[in-house]
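> As a plain string of letters, each chain reads:
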Amino acid sequence: MKFCLVTAIVGVLLLGSPARAAGEYNTNATLIYYDAVSNQTLDPQEPQNNSSFAQGTLMAIYDALVFLNEAGDPQPGLAMSWDYNEDLTVFTMRIRPGVTFHDGTALDAAAVLKNLERSVSLGNRAGAATVETMSQIAAMELIGSDTIRIRLKSPSGQMPYLLGGQAGMMISPATLNESTFGVTIKPVGAGPYKVRSFESNVRTVTTRNDAYWGGIEGRPAGFEHHFVPEARARLNAVRSGQANLALIEPRQIGEARAAGFAVQINEKNSSWELHANFTRDTVGKLKVRQAIMHAIDRPALADALGGGASRATVQLFARSSPVYQEDLERLYPFDQARARALLAEAGYPNGVDVSWLLLNTNEYKQMGEAIQAMLGEVGIRVKFDVVDVSQYTAFRRPPQRGDLLMVRWGGRPDPLQTFQESSGSTAVPWGAAAPEIDQLIDQARALVPGDPKRLAVMHRLARVTTEHVSHMTLMTRSAVYAYKPGCVSNLPPYLATGNDRINDTKIGATCK
Amino acid sequence: MSAAIFPAPGTAAPAVPLPPPSSFFKRFCRNRTAMISAIILLLIVLTAIFAPYLAPHDPARSSLRNILKPPSAMYLLGSDDLGRDVLSRLIFASRLSLVASVQAVAIALALGLPLGLISGYAGGWADTVIMRCNDALMSFPALILAVVIVGLLGPSLTNAMTAIGLVYAPRIMRVVRGSTLSVREEVYIRAARALGCGDARIIAYHVLPNVTGPLVVQATVLMGQALLAEAGLSFLGLGTQPPQASWGAMLGTAFPYMAQSPVPTIASGLVISVTVLCFNLIGDGIRDSVGRMRRSGD
Amino acid sequence: MNTFRYITRRIISTVPMLVLVGLITFLLIHITPGDPAAVVAGENASLQAIEEARHRLGLDQPFLIQFWHWLWAVLHGDLGTSFTSGKPVTELIFDRLPITLSLTAGATLIGLLIAVPLGVFAATKRGSWLDRITIFGTSLGIAAPEFFIGLLLVLVVALEWGWLPATGYVPFAEDPVEWLARLTLPSVTLGLGVAAELARQVRGSMIDVLSRDYIQTARAKGLSTLSIIVKHGLKNAAIPVVTVLGLQVRRLLGGTVIVEQIFAMNGVGSLAVRAVFLRDLPVLLGVALTTAVVVLLVNLLVDMSYGYFDPKVRSA
Amino acid sequence: MAEPLLELRDLTVQFPSPNGWLTVVDKVSFSVGRNDIVCVVGESGSGKSVTMQAAVGLVQPKGGRVTGGSVRFDGKELVGMSNRDLNRVRGDEIGFIFQEPMSSLNPAYTVGEQIAEVVRRHRGASRADAWKRAVEMLDRVHIASAASRAREYPHQFSGGMRQRVMIAMAVACDPKLLIADEPSTALDVTIQARILELLRELQRESGMSVLFITHDLGVVADIARRVVVMYGAQVVESASADELFARPRHPYTAGLLAAMPQVALERGQDPVAIPGTVAQAHAWPGGCRFNPRCVYRQEGACTTVPVPLEPVAPGQDALVRCALAASLSDTLREAVAA
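Chains as they are written, first to last, in the working numbering: chain A, 1 to 512; chain B, 513 to 810; chain C, 811 to 1126; chain D, 1127 to 1464.
Keep in mind that the hints were calculated from the coordinates and are not lab data.
Check the hints yourself; a few may be wrong.
[Stated by the list, open to error] Okay, derived cross-link-like pairs now, DSS-like style, lysine-lysine, Cα gap no bigger than 25 Å in a straight line:
{"no.": "1", "chain 1": "A", "residue 1": "LYS114", "chain 2": "A", "residue 2": "LYS153"}
{"no.": "2", "chain 1": "A", "residue 1": "LYS453", "chain 2": "A", "residue 2": "LYS484"}
{"no.": "3", "chain 1": "D", "residue 1": "LYS1188", "chain 2": "C", "residue 2": "LYS1041"}
{"no.": "4", "chain 1": "D", "residue 1": "LYS1188", "chain 2": "C", "residue 2": "LYS935"}
{"no.": "5", "chain 1": "D", "residue 1": "LYS1188", "chain 2": "C", "residue 2": "LYS1045"}
{"no.": "6", "chain 1": "C", "residue 1": "LYS1041", "chain 2": "C", "residue 2": "LYS897"}
{"no.": "7", "chain 1": "C", "residue 1": "LYS1122", "chain 2": "C", "residue 2": "LYS1045"}
{"no.": "8", "chain 1": "A", "residue 1": "LYS186", "chain 2": "C", "residue 2": "LYS1122"}
{"no.": "9", "chain 1": "C", "residue 1": "LYS897", "chain 2": "C", "residue 2": "LYS1045"}
{"no.": "10", "chain 1": "A", "residue 1": "LYS285", "chain 2": "A", "residue 2": "LYS153"}
{"no.": "11", "chain 1": "A", "residue 1": "LYS287", "chain 2": "A", "residue 2": "LYS383"}
{"no.": "12", "chain 1": "D", "residue 1": "LYS1202", "chain 2": "D", "residue 2": "LYS1188"}
{"no.": "13", "chain 1": "A", "residue 1": "LYS114", "chain 2": "A", "residue 2": "LYS186"}
{"no.": "14", "chain 1": "D", "residue 1": "LYS1258", "chain 2": "D", "residue 2": "LYS1188"}
{"no.": "15", "chain 1": "C", "residue 1": "LYS1041", "chain 2": "D", "residue 2": "LYS1202"}
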């Protein structure tokens, strides 16, 4: 129970965060955000929406039971407080009183229960993150009007993190019935913005929810999320005033600054990853993977292609994350001689041929060609197998095409989730790179998020996965925003997940 | 007037021999624009053949330390987004682009020629079936059809060129069918058939020579169009895939950096435009030369 | 009235054509790799989830039955629902058709506005410097890749001079002025290509018409040069020009894909490209059918115009 | 002698060709009086059509140019007149009929519209009046049910009917001069006669002068009051019709007469064609241009010095361009005598 006190104090801190005086914001302008990610539908549990990239719009509409602060620690959201029993098998949550959905229905424990039961009933029709959360729940019951007790199938301290993502997003029970899924959803949430219109894969237009429990002080009158795949078009929109905020690619930073725009780089727990198929006898060998790690000149890659928004790293976590360890960076310095030696030791004195399943976009192909050239210099001959989105998933599932696959890793609320999905044998079809990885994951599951012992296990996991090259991290990825100077503020880097919360973004008084 | 109409008795109408090919080239050479374009095209083909000797640097060698450099003594046309020399890549890319266009037009000919001959010569139900399928294909906008084929076959240059070949086959088919129909009605064809010539011989000796004129014109123009189509597909990411690079692919990768370093984009854009222009002008030149030859022939 | 019967006969004859288009698209999708069910099931969905998605979408039925179901639905005016967004295809297409049609119309209009005067002027002043420029300019216009022109326009007009917005589309109903402003640049980009092709045709057919005897009669009647060219010349030169125009409209319907992406406008072209990447069969079929219908309508209009321009055709 | 309606003096016209500018009309002079019917006769390539087209400025659009001489029409000098002013003369004061009726009417407009157009242009008539005038003109050229036929298109008319429409169009504004450039050549003989009859009738009624361009001496005999014979871009003889048929002064004219089937029949002889063909415009023979084909050719006189066009005898109107004109006059007369 001690834990519950701590969360309440920190919660107040977040809400009252020092903000500029109310007069400083233009509260009748609309935040028009040109994004590179689209929402297929507005159903948080629907597979397309389940990736961390699609959270921006959903968070603004639905809010979530748990918020995560800059350090990645769970904070009270729609749930006032929560706590575990001794052996972490029972998770009790108290719902924040006095909160209503956009259609006026009360957001009480019964509403939360109905949402969670719906997610469970979706089974594996739902997205991966929701399935992962619901699979841990054995039973749920109401206690009074504002508390829910959840019995877990096995000890797991991850619930606060999991309920910080799509699984924790609450939809008005009045609109929920058995058949609502995907496109038939009526997007009525309890978040700061109400939906006015939605066109799949094009735009979502919302207006401010003046009855929002978190207050409306300084918030813009509305928020529009536009999906524009072409990066050039996104920047042009901000330059010609059709949008006041645009997600741009790192290579456009120079151009944006030259045009007199403010460029904000939000470092995130997100990175470019190279995954190897361990069943292949070439990249399956640890020495070959280590050779690849040594063959890549990460600093040059980050400077040339990161555009100032990326830093070389071998870890899955940003510098500001508690799990980050400086000494791990020295494990794989850029050393072509070492790489050739490792290849020879692995039995490939005159080089090795590997196939690389490459997604068919400019960004991926640029990175791919740069790395291909580097690996080529040490004798690792890469051949590309270019595919589009529909065949991209063939790396993990049969027919398991390609030895290597490059991924834009989006980060997860709970560091443990990151290791589970990228290195643990639950998610990786060919098992973990080393048995110790699975043992450490199970150890961490039985620990509560705030517990220092859990952090120690995280550090150990980071070292082991890096030493055994279960993933080949290349460089960090940041969200890069462009907007007219002074026009957009309060865009906190939401460290835990790959996405940035647009909920609290405000528009400068002088801008329209 | 009377003297001219009724030639003096005793002299038979002079048989007008089909002009020898040399007169075709003489007429083509007199067409200045066509000649200039032919010379430029020849230069481009030569650069493609002797690319290794002409390119100042190795096109694939990237140096991430100097990306997007402006044109300088070292990089005559500047460096691209991975620090490779744009000029060398353009020179090597010419091989890929020209071969790709030839492949596309070859496929279009391989499909269009026989189908055109059959539907033009045989006529009847064969003609209607082929024409209906042809119309159905033609009702697809060319680019969408190409995107569908490449998107489904998987993005690669060969697939892109197969798609472009398929998309242009109906055009070749129409040209061939048109010429075949016009020849089939000629008297000398009926005369030949009356003499017992088999269809194959008739097609070979009578239809084909007459079809080659317009066919060569259409093929030349299509060579240019294939280059443009490949550039379009590459822009959508469906044309050439790394590490290969065609002109279209180079334009596609350079164009996002147009603001900081316009030279690579303008260079690749211009190279494509000039080559396609040469193909078009040569096509016009051939059509004029062939046109006049045929007219004075009959 | 035989023109009415002529139109109905033409429309009836398009039905088998549309079925053929549908069949060809179905065939194209089914003989090639890439699995729509996998896309719908999501990135790391389990095998079982994919099979369930395949059943839900009816993709596990044999090819012909799928085609028949689709055809039967189309005959009832229902183009089915999109795999990926679950929205009815008709709605998806009709949301975006105005964009592509506006672009096509804009480009055609600009094409005509440039091509007709240029072509006529070049034809009447043969061999003059203007004639040579037209020939060279049009050849270059045909040769340059469209998005290369579009890009230069955006860079200079929209961003450097800031005269016109660079991206986005605003429906006509919402704000006609903004609609026009947004359409200008992309229409000019596409329009230049159309103008190049058209100007060559206008010049060619005008030269031919001006050498005809009835033009000499018109001159002998003392008509003004303007009325000789416009009234007598253009009407007869129109038929080959209209044919080329019809071809250009068909090319534009699909060809706007790239310009749509540069100017961030969601037209039917981009919808089709996305549908290909996501193996969204109903959307692709819907787009194929719609473009085919529009193309056949355009062909019908072109043939009808022959009647207007050449009375001999009308009575045939 | 009142001032002639139309007077050509030394009109010279050139056309571009691969071997430079060619003179296709070389210093042609003749005149057409008022209420007069003149025929210009010559083989094709003699420049007869080009002469008249040049006179009214119809050759410039085809690349031709008038490089000398003058054309005075009704007190106005046409050579050098701006196209805008020429437009006011053409169609109003000078009507033109062409040789190819099949292609001389605009297929895209109704017959009535094309006639009404010239009336509206020159008479500033309203649309209704111009249409009424058009129907009236169709009636005048004997086209049955003119009102309904006016709404039909050229392709619905036969060759002969189209020529009638052309005539209606040419005379719609009551021109002072009608130039008929081989109007009946493309028609078969029966229709030819009726067209000539119509022209003669119109001429009588309106008193306009008609200038006939033809290669067929039968037409000349039938209709002409005065004749101008052209050969090799030059006028070789001009005289009254009767005088020309009775006493041709130029061997070429005699040859043409001898070749006429009707004349040969009267004399019970076969028509004798003139041997050889007219030379190319860029390769005129020296001296008299007819000498290579002239049976009476005399070396020196005919072959060296260019032969001038002179009156047949002092004070006579008739002119001839033949070095031996005086001595040949009797021999030629016997050659054609019945």
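> Taking the hints in turn, state whether each one holds.
Quick rundown of the hints versus the structure:
Only pairs whose Cα atoms come within 25 Å are accepted, and LYS114 of chain A paired with LYS153 of chain A is accepted, the gap being roughly 20 Å. For the given pair, LYS453 of chain A sits about 45 Å from LYS484 of chain A by alpha-carbon distance, which is inconsistent with the 25 Å threshold. Taken as a hint, the LYS1188 of chain D and LYS1041 of chain C pair is honoured in the structure, with Cα atoms around 20 Å apart against an allowance of 25 Å. Pair hint LYS1188 of chain D plus LYS935 of chain C holds up; C-alpha atoms about 12 Å apart against a cutoff of 25 Å.
Annotation: proposed proximity of LYS1188 of chain D to LYS1045 of chain C holds, straight-line Cα distance about 21 Å (limit 25 Å). Under the criterion of a C-alpha separation no larger than 25 Å, the hint pairing LYS1041 of chain C with LYS897 of chain C is inconsistent with the structure, at around 51 Å. For the suggested pair LYS1122 of chain C and LYS1045 of chain C, the alpha carbons sit about 14 Å apart, so the restraint of at most 25 Å is met. For a cut-off of 25 Å, the pair hint linking LYS186 of chain A to LYS1122 of chain C is broken: about 60 Å separates their Cα positions.
Of the pairs offered as hints, the one joining LYS897 of chain C and LYS1045 of chain C is violated, with about 47 Å between alpha carbons and a cut-off of 25 Å exceeded. For a cut-off of 25 Å, the pair hint linking LYS285 of chain A to LYS153 of chain A is broken: about 36 Å separates their Cα positions. Taken as a hint, the LYS287 of chain A and LYS383 of chain A pair is honoured in the structure, with Cα atoms around 20 Å apart against an allowance of 25 Å. As the CA atoms of LYS1202 of chain D and LYS1188 of chain D are separated by approximately 24 Å, the hinted pair is consistent with the 25 Å bound.
Distance hint between LYS114 of chain A and LYS186 of chain A is fulfilled; the C-alpha atoms sit about 15 Å from each other, no more than 25 Å. As the CA atoms of LYS1258 of chain D and LYS1188 of chain D are separated by approximately 34 Å, the hinted pair breaks the 25 Å bound. Using a Cα cut-off of 25 Å, the hinted pair LYS1041 of chain C and LYS1202 of chain D is violated, with the two alpha carbons roughly 30 Å apart.
The earlier numbered hints that this structure contradicts are 2, 6, 8, 9, 10, 14 and 15.
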